[in-house]
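Asks: Spelled out, the chains give:
Number of protein chains: 2
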Amino acid sequence: MPKAVVLLSGGLDSAVTLACSVYDGNETIALSFRYGQRHTKELVSAKAVAEHYNMRHVVTDIDMSMFRSSLIGNSKEIEKDRTNIGKDIPDTYVPARNMIMLSIATGLCESVDADRIYIGANSVDYSGYPDCRNEFFKVFEEMIKKGTKAGVEGRPIKIVTPILDLSKSEIVKLGKKLNVPLHLTWSCYSGGDKACGRCDSCILRLNGFKDAGYKDEVEYQ
Amino acid sequence: MPKAVVLLSGGLDSAVTLACSVYDGNETIALSFRYGQRHTKELVSAKAVAEHYNMRHVVTDIDMSMFRSSLIGNSKEIEKDRTNIGKDIPDTYVPARNMIMLSIATGLCESVDADRIYIGANSVDYSGYPDCRNEFFKVFEEMIKKGTKAGVEGRPIKIVTPILDLSKSEIVKLGKKLNVPLHLTWSCYSGGDKACGRCDSCILRLNGFKDAGYKDEVEYQ
Numbered sequence: 001m002p003k004a005v006v007l008l009s010g011g012l013d014s015a016v017t018l019a020c021s022v023y024d025g026n027e028t029i030a031l032s033f034r035y036g037q038r039h040t041k042e043l044v045s046a047k048a049v050a051e052h053y054n055m056r057h058v059v060t061d062i063d064m065s066m067f068r069s070s071l072i073g074n075s076k077e078i079e080k081d082r083t084n085i086g087k088d089i090p091d092t093y094v095p096a097r098n099m100i101m102l103s104i105a106t107g108l109c110e111s112v113d114a115d116r117i118y119i120g121a122n123s124v125d126y127s128g129y130p131d132c133r134n135e136f137f138k139v140f141e142e143m144i145k146k147g148t149k150a151g152v153e154g155r156p157i158k159i160v161t162p163i164l165d166l167s168k169s170e171i172v173k174l175g176k177k178l179n180v181p182l183h184l185t186w187s188c189y190s191g192g193d194k195a196c197g198r199c200d201s202c203i204l205r206l207n208g209f210k211d212a213g214y215k216d217e218v219e220y221q
Numbered sequence: 222m223p224k225a226v227v228l229l230s231g232g233l234d235s236a237v238t239l240a241c242s243v244y245d246g247n248e249t250i251a252l253s254f255r256y257g258q259r260h261t262k263e264l265v266s267a268k269a270v271a272e273h274y275n276m277r278h279v280v281t282d283i284d285m286s287m288f289r290s291s292l293i294g295n296s297k298e299i300e301k302d303r304t305n306i307g308k309d310i311p312d313t314y315v316p317a318r319n320m321i322m323l324s325i326a327t328g329l330c331e332s333v334d335a336d337r338i339y340i341g342a343n344s345v346d347y348s349g350y351p352d353c354r355n356e357f358f359k360v361f362e363e364m365i366k367k368g369t370k371a372g373v374e375g376r377p378i379k380i381v382t383p384i385l386d387l388s389k390s391e392i393v394k395l396g397k398k399l400n401v402p403l404h405l406t407w408s409c410y411s412g413g414d415k416a417c418g419r420c421d422s423c424i425l426r427l428n429g430f431k432d433a434g435y436k437d438e439v440e441y442q
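Protein chains in written order, with this note's numbering: chain V, 1 to 221; chain L, 222 to 442.
These aren't lab readings, by the way, just hints derived from the structure by calculation.
Computed from a predicted model, the values in this text were never measured in an experiment.
Please note: incorrect hints may appear among the correct ones.
[Claimed, not checked] With a straight-line Cα cutoff of 30 angstroms, these simulated BS3-like cross-link-like pairs (lysine-lysine) come out:
1) K158(V) <-> K262(L)
2) K149(V) <-> K262(L)
3) K359(L) <-> K158(V)
4) K379(L) <-> K158(V)
5) K149(V) <-> K359(L)
In isolation and in its complexed conformation, chain V is listed as follows (with noise of 0.2 angstroms):
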């Protein structure tokens, strides 16, 4: 049986990724970060959705406070109602997070004899971000071969993007017809008792259920 780690923030896109690597039949292990966010409700979600699994979850660490970005800690406001989504990088932006996340998961999986990391990226909805694209996944399997052990010994760490060219409605429907817990999922970038409903991420979730046919069950404001 293949071993896979997978990253799970615990949102709607990772939980949906998560749910591709056990019907892909891997033996899974869900990795999630502290990395300074407002708020831990996502983590709060990921450790449901991976008790959904009754999996291995391990949630670790990163201190990302002397990052400029809009989504760590006590830095501005994050902006509303933005209407250039996908058109350029967006203050949500946080520096190499993909990269330090992808990069811990390649520890991960040479420590558990892993071959494969799953990432719930998306270049349709973020295409703004340069670290959510193909090309950047390819040279970090590159990387990845040169710079570790069990790539230079011929055992290369795939990273497999399950969901990189769906639209977030085609997520939704594939979240669906894999079962996947999606009332346990947290998109919001704001971390209240209900969802704002006017973020970006809230926006483009409320969008993706309409457009896919379904009612999303989280609580909105």
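Start from chain V and add chain L according to the hints.
Replies: Okay, now just chain L, sitting in the frame of chain V:
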């Protein structure tokens, strides 16, 4: 004035590398990691070296407790008096260590508008480590170009490896030439009051000083 981030472990190699960045005319920020080393002696040395140069010193945490390596936490003892230095991948290899550290350095570069990372990797003494080779650093630079805001906007971040091809005695000589406070550095894998003088790292260091014709002012057991 160009700006650089230097990975500073507190050992001989990284201290000389830091001095190279200063000598090259960079405004230099030192970056050190707590990653579950068996002792924190190195970090005390890193702090002393950064203070000597009166520069900003960022110390950050990486949780590698789930990684498999003799250098981390409670895993098995480090082999001593190994006779195969440079022959295979040593059990002191830490999965994806340089990959993770360079990724965090990349994020810091983007956050402070630095365009180069100095790392004291050495392919002579550490030829067994896949992530200490030039071909790894080259593909890492490509990966930065594809996966960061700085990279896609035409501000690539370079990896600089000033001591990559130097022997240990050449590193000692360079350190002496640049007036590096070598007495403040710590190389021993053990964390006692005095260096053990018997581990791989001590042996390499002692031979380096001897071959360079200098006395190592660090105390040995």
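Asks: Against this structure, judge whether each hint is valid.
Replies: Checked hints:
1. Among the hinted pairs, K158(V) with K262(L) is inconsistent with the structure: their alpha-carbon atoms are about 37 angstroms apart, more than 30 angstroms.
2. Pair hint K149(V) plus K262(L) holds up; C-alpha atoms about 27 angstroms apart against a cutoff of 30 angstroms.
3. Between K359(L) and K158(V), the direct Cα distance comes to roughly 20 angstroms. Compliance with the 30 angstroms bound is thereby established for this hinted pair.
4. As the CA atoms of K379(L) and K158(V) are separated by approximately 25 angstroms, the hinted pair is consistent with the 30 angstroms bound.
5. The suggested pairing of K149(V) with K359(L) holds, with an alpha-carbon distance near 17 angstroms, which does not exceed 30 angstroms.
Comparing the model with each numbered hint stated earlier shows that hint 1 is the single one that does not hold.
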